[in-house]
Each structure stands twice: as structure tokens, then as C-alpha cells.
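With the hints as extra help, turn the sequences into a complete structure.
Residue 210 in the numbering used here sits at position 151 of the sequence shown, and the numbers go up by one each step.
Treat the hints with care, since some could be wrong.
To be verified - Lysine-lysine pairs mimicking DSS-like chemistry, simulated, CA-CA at most 25 angstroms apart: (1) Lys148 <-> Lys188; (2) Lys148 <-> Lys174; (3) Lys148 <-> Lys173; (4) Lys174 <-> Lys188.
In short, the hints are calculated from the structure, not lab data.
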Amino acid sequence: MQTQTLLAFTTIAGLSILSPGPAILLSLKNGASYGTRSVMWSALGNISGIFCLSTTAFLGLGALLNSSAFLFASVKIMGALYLFYIGAKQLFGKNGALAQEASPNALREQPSRKKLFGEAFLTASTNPKALMFFTALFPHFINANEALAPQFFILMSIFMAMSYLTHLMYAQLAARAMHVLVKPRFVKWINRIVGAAFISFGAMLLNLRRQTA
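As C-alpha cells, this is what we get:
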């Protein structure tokens, strides 16, 4: 692949990854609640979900999903309901985003690696907006006259590496601010803000429309 193509893709990927979304919010929440190390697992779950979506788009299933109102609505509703679930858990649950770190037993109450991975994987893999993004992106950077698979893996290696490092960066920022955020007067409001943000992302996902010709 040409250097100009890789630079252009890296620029677009970077702007997309840095844009706030459910996955970034999840990393901020986990970073503030459990520290940067926990985000190593949630970020791995996120890029695994991204890889599944990008593979789906690469195989042409993204266009199929976009052409089927039923399939598109099904994925959209599942993704929105999961974001609603996370948001409600922060708003009404006893163990909100920062409540565990404010507790003296915080270290014993941290979620398992499997749970961190699974939560991030579901957040990423049930987002049809990301699938549409990859479906629209690949034709501009993959040369149909060359072997397709190597180009796909090169592009996705760049995207996934940038995404993983970005999530760790956001988590580190949140972890550094943790000593302020876990103060009792902040915990309740931070949990409300995080919960409301997840619910808002879910509502935005429900309003997402298929791309029509």
C-alpha cells in the first residue's frame, strides 16, 4: 500500500477514535473506577468488537445490513438496549462508576477481566454506526486490483493499535483525576452524568437511520 494512503487512513482513523462515544465513556468510567490496568482488558474487548465489525463490513455484510430494514433495526435496538442497561446501572445501581473506589473494600470488588472484556466487546460490536463507518471507509483505501486480505489487515492493525492506545490514554487521565472524583460530594453526580450519557448514546443510536441510495 502507498504511504499517502496509509497516512490518510491514519488521519481519518485518529479523528474517529478520538471522538467521544460509548466506548470512550466506558474507558473513562473504568479508568476512574478501577485504574488504568482494568482498561487494558476493556480496551482489548473494544478492539475485538471493532475487528468483528470491520470484518463484517469487509465481507460485504455491512451493505447487506444497511439494505435490510429488519436486520438494521434489530442490531440498532440491541445496541441501544445495552447502552440503556449500562446507563440505568450507573443511575440506580448500588455500585456506580465511582462508588467502589470510594469504598474501603474497593480492591476486592473490582470486576473480573472477563466482565471488563465482555462489557466493552458488547458495547463495540452492537453499534451499527461503526459498521456503517467501516462499510463507507474501506472502498476509499483498499485497492481492488491488489490482494484484499493483506490490505484489510494492515488497515485494521493501524486502527486497532491506535484505538487501544487511545483508550489507555483516556483511562490514565481519568485515573489521575480519581482522587478528586471519588470524594463523596462528587460520586453521586458523576454517576448520574455517566448514566445519563450512556442513555443519551442509546437514544442517539435508536435515531440512527439507514443510508439509502
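Verification of the hints:
1. Lys148 <-> Lys188: holds (23 angstroms)
2. Lys148 <-> Lys174: Holds, at roughly 15 angstroms.
3. Lys148 <-> Lys173: Between Lys148 and Lys173 the Cα gap is close to 18 angstroms, so the pair holds against 25 angstroms.
4. Lys174 <-> Lys188: Given that 25 angstroms is the threshold and the Cα spacing comes to 24 angstroms, the pair holds.
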